[in-house]
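So you can see what is in the structure, the chains are spelled out below.
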Amino acid sequence: MTQTSNLNSNVTNESEEREDYFEYFFDKPGSEPGTLCIEEDAVPSQLILTNYDEKQVAKKVNISPNELPHYITSADSLWLDIQGLGTEKTLKQIGEIFNFHPLLLEDIVNVPQRPKVEYYDDQLVIIFNLVTSNPEEDGFSFEQISLILGENYLLTFQEGHNKDYFDFIRTRLEKDKGKIRSLGVDYLTYLLLDVMIDSFFPVLEEYSERIEKLEDEAIISPNRKTLPKIYKLRRELLALRRAIWPQQSVITTLMRSSSNFMGSKVEVYLRDCYDHIIQLLDIIESYRELSSSLMDVYLSSISNQTNEIMKILTIISSIFVPLTFIVGIYGMNFEYMPELSTKWGYFICLGVLAMIGFSSLFFFWKRGWLKRFDVVEEQIE
Amino acid sequence: MTQTSNLNSNVTNESEEREDYFEYFFDKPGSEPGTLCIEEDAVPSQLILTNYDEKQVAKKVNISPNELPHYITSADSLWLDIQGLGTEKTLKQIGEIFNFHPLLLEDIVNVPQRPKVEYYDDQLVIIFNLVTSNPEEDGFSFEQISLILGENYLLTFQEGHNKDYFDFIRTRLEKDKGKIRSLGVDYLTYLLLDVMIDSFFPVLEEYSERIEKLEDEAIISPNRKTLPKIYKLRRELLALRRAIWPQQSVITTLMRSSSNFMGSKVEVYLRDCYDHIIQLLDIIESYRELSSSLMDVYLSSISNQTNEIMKILTIISSIFVPLTFIVGIYGMNFEYMPELSTKWGYFICLGVLAMIGFSSLFFFWKRGWLKRFDVVEEQIE
Amino acid sequence: MTQTSNLNSNVTNESEEREDYFEYFFDKPGSEPGTLCIEEDAVPSQLILTNYDEKQVAKKVNISPNELPHYITSADSLWLDIQGLGTEKTLKQIGEIFNFHPLLLEDIVNVPQRPKVEYYDDQLVIIFNLVTSNPEEDGFSFEQISLILGENYLLTFQEGHNKDYFDFIRTRLEKDKGKIRSLGVDYLTYLLLDVMIDSFFPVLEEYSERIEKLEDEAIISPNRKTLPKIYKLRRELLALRRAIWPQQSVITTLMRSSSNFMGSKVEVYLRDCYDHIIQLLDIIESYRELSSSLMDVYLSSISNQTNEIMKILTIISSIFVPLTFIVGIYGMNFEYMPELSTKWGYFICLGVLAMIGFSSLFFFWKRGWLKRFDVVEEQIE
Amino acid sequence: MTQTSNLNSNVTNESEEREDYFEYFFDKPGSEPGTLCIEEDAVPSQLILTNYDEKQVAKKVNISPNELPHYITSADSLWLDIQGLGTEKTLKQIGEIFNFHPLLLEDIVNVPQRPKVEYYDDQLVIIFNLVTSNPEEDGFSFEQISLILGENYLLTFQEGHNKDYFDFIRTRLEKDKGKIRSLGVDYLTYLLLDVMIDSFFPVLEEYSERIEKLEDEAIISPNRKTLPKIYKLRRELLALRRAIWPQQSVITTLMRSSSNFMGSKVEVYLRDCYDHIIQLLDIIESYRELSSSLMDVYLSSISNQTNEIMKILTIISSIFVPLTFIVGIYGMNFEYMPELSTKWGYFICLGVLAMIGFSSLFFFWKRGWLKRFDVVEEQIE
Amino acid sequence: MTQTSNLNSNVTNESEEREDYFEYFFDKPGSEPGTLCIEEDAVPSQLILTNYDEKQVAKKVNISPNELPHYITSADSLWLDIQGLGTEKTLKQIGEIFNFHPLLLEDIVNVPQRPKVEYYDDQLVIIFNLVTSNPEEDGFSFEQISLILGENYLLTFQEGHNKDYFDFIRTRLEKDKGKIRSLGVDYLTYLLLDVMIDSFFPVLEEYSERIEKLEDEAIISPNRKTLPKIYKLRRELLALRRAIWPQQSVITTLMRSSSNFMGSKVEVYLRDCYDHIIQLLDIIESYRELSSSLMDVYLSSISNQTNEIMKILTIISSIFVPLTFIVGIYGMNFEYMPELSTKWGYFICLGVLAMIGFSSLFFFWKRGWLKRFDVVEEQIE
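Protein chains in written order, with our numbering: chain A, 1 to 381; chain B, 1 to 381; chain C, 1 to 381; chain D, 1 to 381; chain E, 1 to 381.
This is chain A alone, in the form it adopts within the complex (with noise of 0.2 angstroms):
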């Protein structure tokens, strides 16, 4: 099961938008290392068998484990895809049968777990994560694939099973006759790292999209709605980073060591992988530096706002409230004002009014503070 359902379960309705990227698995504490942790209600997992050589390609869908054994020969390449990791009693026996290290299964169950990769005796274990975007709400969601390269076979663990990721590598298996089936398992496995990492470039493209529009709002339009998102945005960048940083180790050190495992024909394909992951990490220090920038960008529209309100209010209370205290002179009761009997009294105040008023506003417009005030209008419509 993906990390995503698993947690909309028991999360309530306040914070439902809010996805735990930053948690790994981790054993309760006292209890023994090795344990799984498996769901009671974990649906069986669904075996992909697929043999082939140069020649052809054999594959089996749905087998159970107990008819595994008949199918493991040494002569052609294997490729056994198991998705969801379902009851402990199956992954113990394809333990077995492919003979895993007792930490092994832990770190292909107890999900998720740091992407690494592990050399054992005749075995080399991968731990890798796809991504793929909500499509309903902005957000992404990690699956675990484990891979655990043999001398001729190779097996995938995927997390959940409600969507096949390398169904079209299979077909390509069946349809092309060339490279793919000639170079073994270990160019497969290029393929299929080469998939996962690929599958980070659409999530990081909606980022992209994201964020020019979060700067055209907190420019433009800065309101209480702008800061979460900004703050979100930040939040899975940062979860992404997480998740891309030790994958760009994996590559590194599958380069580097010049292991049994991978033959020197795939080494300058994983070439490739190390470009696309440093492409990948670029991308987002850039977005993260961005969307670091967006946060100023956010505060100082604020700040602008808040000039401008008090622009209005001081406009409002300089041109009036010296108004006001003029005619309450008038209003005053003092038995003997002059100006008070005079025929034209009455309109010689209001011309004294008038031309206060308009001095004021006079004063402001020329501060450029009306000027600017509609120019802040237009942008904003």
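Wrong hints could be hidden among the right ones.
Because identical chains cannot be distinguished in the list, a pair is counted as satisfied if it fits within a single copy or across any two copies.
Each computed DSS-like pair below joins lysine-lysine, with the alpha-carbon atoms no more than 25 angstroms apart [to be verified]: (1) Lys213 - Lys232; (2) Lys55 - Lys175; (3) Lys116 - Lys265; (4) Lys366 - Lys213; (5) Lys60 - Lys179; (6) Lys175 - Lys163; (7) Lys265 - Lys92; (8) Lys179 - Lys92; (9) Lys89 - Lys59; (10) Lys175 - Lys92; (11) Lys232 - Lys265; (12) Lys92 - Lys59; (13) Lys229 - Lys60; (14) Lys116 - Lys232; (15) Lys225 - Lys60; (16) Lys213 - Lys60; (17) Lys366 - Lys225; (18) Lys229 - Lys213; (19) Lys55 - Lys265; (20) Lys60 - Lys89; (21) Lys175 - Lys265; (22) Lys89 - Lys179; (23) Lys213 - Lys225; (24) Lys116 - Lys59; (25) Lys175 - Lys116; (26) Lys343 - Lys116.
Since the hints were made in silico from the structure, they are not lab data.
Position chains B, C, D and E relative to chain A; hints supplied.
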């Protein structure tokens, strides 16, 4: 005695929530290196001795140091767990029995020390921290555990004796006949280190919840109490990172140095410890970046609040100040004011006032101040 | 086609100023590695072939790929400049003639790629960027140039064909008989790299001017448009750094690796390239720090503006609000108010009002508000 | 003379709290390397000579440099402690006796120098800092101690002679017959380095208290004086870090280089020094991060204060400005205003005014402004 | 010509204080590598030749390049100091006599270059900067000095000829018969490098004073002019760091590479240079952190100012707005208002107004606004 209780004793009312996570023990200037600082009224330490080999386990509780030499045999593995630092005499007695280096007891007693690993001629010394969360309030306490690993014995010095953190390990030793007994004291050392590292995960889990709460608070209802909470969060994450960082280098040192204390079979398990500690640092770094963003979010929220307050003031003033000016005009006592004597003058005046008031309202409504103001209200309720 | 024009086509009115400097090309998830992505309506690429040795130069413009094999001789140095990526057929034809690795054409065609250098068996491939400033608006455009260096030939693939950046090099080849002809294609490679690096300097020169203008704007007359300008500046400097950084590691790799592609005589010239690129990074880092300070300066300026606005409001209110209260007193209709019936009461009242008003003014003048206010006025005008 | 007293002499009233922790000594441009800068009126330095071996200790106080050669024997360990830099003549005399390199005296005299370690042919020179806290005011003073370690002699040059920091070491030499005497001058060097490193701990302890006080002040009652305090704190922590950082590399250099000056027996003790100095840097880094957060906290607190002030203003204005408008209406002098002549008009008007006033109050109470306002009041008192 | 004067010529009134410390020289795109850029109206450069060995010194001023070959002998050490870059012809003549690499003259002439060291076959080239503070205004000017060190000769190219920075070295050469003459041109090189490094110290001393002044200004009397000053400070510190950083790597390179240009006797002196340059970087880093804190301090001070202004406004409004409302009530023209006809009504009303006014004042005094306000006043005066 743990660091917390030690501090609570001499701290007054004001700052009782603030624990001093940042102090290390230091000698008073002028004191001789190697001086032990033990509190006068220390409770005697409790010794639990466990002898075990593949076939049998013998546990002796509450033995006195004098009896120790009787139980030490070179035949089987020996684990002496000293709970509470007790009196200087007991410690020196143990030091003599196990032939400690002069500076070693100082590291054990003068807590807190920075986690470290030191190689002596016939002993490997590990200073490590275990963390427990405080149940009644936020925060956590460190407890220093010192491990002295000899050829076939392991000594563990626990700072406090209020809780037996390693009890379930002893239980497993007694019940389980498998790996734990056959692999010797180096595997036991790994198990204890793993327990101590894993003790950080539940504490971090609590921080994840606190950060989410603070996010809501900072964005939706920022108030004066939010600020100290964010600051306290940053302070504690800083303390956690500072505690874990040296432990990571302890594990790295143990992995790299191929000593005769840690067998090669245990090395693959240490990689597991290393993975966990890297995950811890990963999480803490993410939390620190989030908490740093939270401060920005809080500042922006406060600025937003200022804006909202200013808007209310400006709306009220902009509507009523000009109106008050107009009613002031007709409060003047000029003898000749033609409007005053017209029959409907008063009602026309009221009509004009209403018109001006509503057009002001319309102006603000068009600017979105009234609407936006409502939205915020909704968000808060 | 350059990155800019490519983007302008599918970008609407709002964000037309914003260029996407942060995207790299990526395969659509599921596509096979090595797929070429060429636009349907691509203009055929123009091929310019230059054969030269110490004695003579032969330049052929607009030759078709079919003719290429006739001109290739091992005797002299050959430079084939392909302007515009053109059709897949042409590219594959060239790829076959020069024996390209399967993944190489992908790097050339699927622009933009991250600058890099790759060593194949008999070819050295350099992906590099040239930058041109946009004349009509701020900003710049990248153009990817791919160099394939063989034993005695150099292929250059230019992304666009709207401008011939290397024309003057060809002219020098024809006119100059000295070093440029005798030193072979590796020296020619150095010359082209130097041209591409030097293309960044005039662009940075423009940024120097923009920063100075923004400094004046942020300090003296900060307004709402200053903020987006600073943000845009940061964004573009970030993009420039991201473009130059990998190019520096390209030059470093070329300097360190003593291959048989780059002769030792050219190495001393590469040091010059390296100096220039370090200078570029130096300047950009300085500009980034300055732009980061500019944001602070802008924020402070806005706060200063708020203060000035507040001061006006406070001065006006502090003077007239108390006065209005006093005139209100004498507007009360109590029957027995002795002051009202005195002859000079009105004039004494006016005198008191004036006194209070001027003493308020004096208070603010002594605080320096009036003076400071004038100073600011001066600065702005 | 210590750095502090040196500065206090030529500093006036305004900035008397500010000590210049950031200057190093530098030659006036144009002066010859190796020039000694000694104050004219320097007090003669006091020489304390201690000869010791395992069996006996001989201490001579206040000897003159002329007598020195008599006491120097190759048989036992010799420690010459020079307190106060004294006159150039004395120093040169000592330099000749112990055969100093030309540049060495410059490092000793021209204080402050950056802490460093230098290996000459037959001498090891360590420049180190001791720190003392100023009792009457905040802050601290550095005192440079230069150690010259020869085969069987140790020379220590103390910058000032107002306090004998090493007196208790001499006392221990006389009383203790154990390790300190038998291990030679390299162990003595370790002891002195340890004293100087440990001198930083009590100073840092004071900073811990100052930070706690500032936390309370910044959160609960921020005022104009808080800001300079935080700034001063940052300034001093910066100075402390700058002082300790090079000392850490001194200790590292001493540990790594297996010279014949520091015996292998002393190396295990140097590890202890290293631990302490890493702890110091750890604590300072934490304090610096906390002080950096404090500035943010202060800024937020000030913004909070602004909000509270604004709330009072808004509440007062929002209640009374509309009421004043209404009473203004009935102050108008229109001849026909029917409400005026009704008998209970006045009391109905008062009732309406009260109603409006209380509903405004209710509005603010519901928004939580009144309540929150009280809470704050409580917090402050 | 120095960088400053060069810039002053083409800079107008507005930005005359701003010097462009961030530009390096770059070739116009399209120009051939190795082109010299010399101003048309350059003053001829002045050549000062100094031949010296242990026994004698011969100085020739104002010799022409044609005479040079006569003076060059392999017997003694030769120092040729070229002041002012002069004409291309002279430089090329010198280049031929001393057998320069083609790219070398470019580095000398096309100023400013980044400081660097380059090893050619028989020459060591050092590009270095000397700094002088501008006496009439803040800021400083760089002057590029290029040193070409051959087996027994040293060439120094000074950018300008308005000041002879090395005159006192020549004087010492003539007077002093000791180390300076006997150690050869590599020791002379060290002396010149030391002069250039030490030229930074007095400039930094001035910055220390500027920072202190700005601290006072930012904390006690922040105004609009403070901000540009802090920004200018940051800008110039950035420029200084950028100038010193590459010089540090020059010294490091000289220390590490054991070439036959710098003898081993001079190496110990270079360590001294290295110490000084590390001290410079140390100081600059501290100043940069302080200046960064200063910006925060300024922002906080401005916020504090806003608060003080707001407090005045709030106090005035809170006192008089309610009072004005009350007097407005009794200004209403209702026919039946019983209070109006009582005899002492007016005086009772005045009494109530005074009571309300004073209780408001008491409220603010208890909040500490009045007191705090006075304190601030004191601080400012």
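Please name the hints from earlier in the document that this structure breaks, with their numbers sorted from lowest to highest. Numbers 11, 13, 14, 15, 16, 24, 25, 26, in rising order.
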